[in-house]
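Visitor: Last residue of the sequence shown: number 42 in the working numbering, and the count goes up by one each step with no gaps.
FYI, nobody ran anything at the bench for these hints, they're computed from the structure. Each statement offered as a hint is correct.
Okay, the calculated beta carbon distance ranges per label pair:
id : residue 1 : residue 2 : range
1  : Phe13     : Glu42     : 49 to 55 Å
2  : Glu42     : Leu20     : 41 to 47 Å
3  : Ala32     : Ala10     : 23 to 29 Å
4  : Ala10     : Tyr30     : 18 to 24 Å
5  : Leu41     : Gln21     : 34 to 40 Å
6  : Asp12     : Glu42     : 51 to 57 Å
7  : Ile35     : Asp14     : 28 to 34 Å
8  : Met11     : Ala32     : 29 to 35 Å
9  : Gly34     : Asp14     : 27 to 33 Å
10 : Glu42     : Asp14     : 49 to 55 Å
Even glycine gets a Cβ: it sits at the ideal position worked out from N, Cα and C.
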Amino acid sequence: MKLPGQQFMAMDFDRQLAELQGRIAVLNGYTALGIPVTEALE
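Produce the complete structure using the sequences and hints provided.
Guide: What follows is the structure, given as C-alpha coordinates:
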(Lines of atoms letter the chains of each structure in order from A and count residues from 1; the text may use other names and numbers.)
(Lines give C-alpha, C1' and ligand atoms only; values in the text may rest on other atoms or scores of the structure.)
Protein backbone atom coordinates (compact mmCIF):
# COMPACT_ATOMS: atom_id res chain seq x y z
CA MET A 1 0.00 0.00 0.00
CA LYS A 2 1.38 3.37 -0.98
CA LEU A 3 1.40 6.34 1.30
CA PRO A 4 -0.98 9.22 0.57
CA GLY A 5 0.71 11.58 -1.85
CA GLN A 6 2.43 8.90 -3.89
CA GLN A 7 1.23 8.46 -7.46
CA PHE A 8 -1.27 5.86 -8.60
CA MET A 9 0.17 2.79 -10.27
CA ALA A 10 -3.06 1.88 -12.09
CA MET A 11 -3.55 3.40 -15.53
CA ASP A 12 -7.26 2.59 -15.87
CA PHE A 13 -9.67 5.00 -14.17
CA ASP A 14 -11.75 2.24 -12.55
CA ARG A 15 -8.62 0.69 -11.06
CA GLN A 16 -7.47 4.09 -9.81
CA LEU A 17 -10.85 4.53 -8.15
CA ALA A 18 -10.59 1.12 -6.47
CA GLU A 19 -7.06 1.94 -5.31
CA LEU A 20 -8.21 5.25 -3.86
CA GLN A 21 -11.11 3.58 -2.05
CA GLY A 22 -8.67 1.10 -0.55
CA ARG A 23 -6.47 3.92 0.72
CA ILE A 24 -9.48 5.67 2.24
CA ALA A 25 -10.54 2.45 4.01
CA VAL A 26 -7.06 2.08 5.53
CA LEU A 27 -6.98 5.70 6.70
CA ASN A 28 -10.48 5.36 8.19
CA GLY A 29 -9.29 2.29 10.09
CA TYR A 30 -6.37 4.24 11.56
CA THR A 31 -8.72 7.09 12.48
CA ALA A 32 -11.11 4.69 14.22
CA LEU A 33 -8.24 3.30 16.30
CA GLY A 34 -7.48 6.79 17.60
CA ILE A 35 -11.03 7.66 18.69
CA PRO A 36 -11.67 6.85 22.35
CA VAL A 37 -14.78 4.86 23.25
CA THR A 38 -16.72 6.58 26.02
CA GLU A 39 -19.26 4.89 28.25
CA ALA A 40 -21.75 6.48 30.61
CA LEU A 41 -21.16 5.86 34.32
CA GLU A 42 -24.12 4.79 36.39
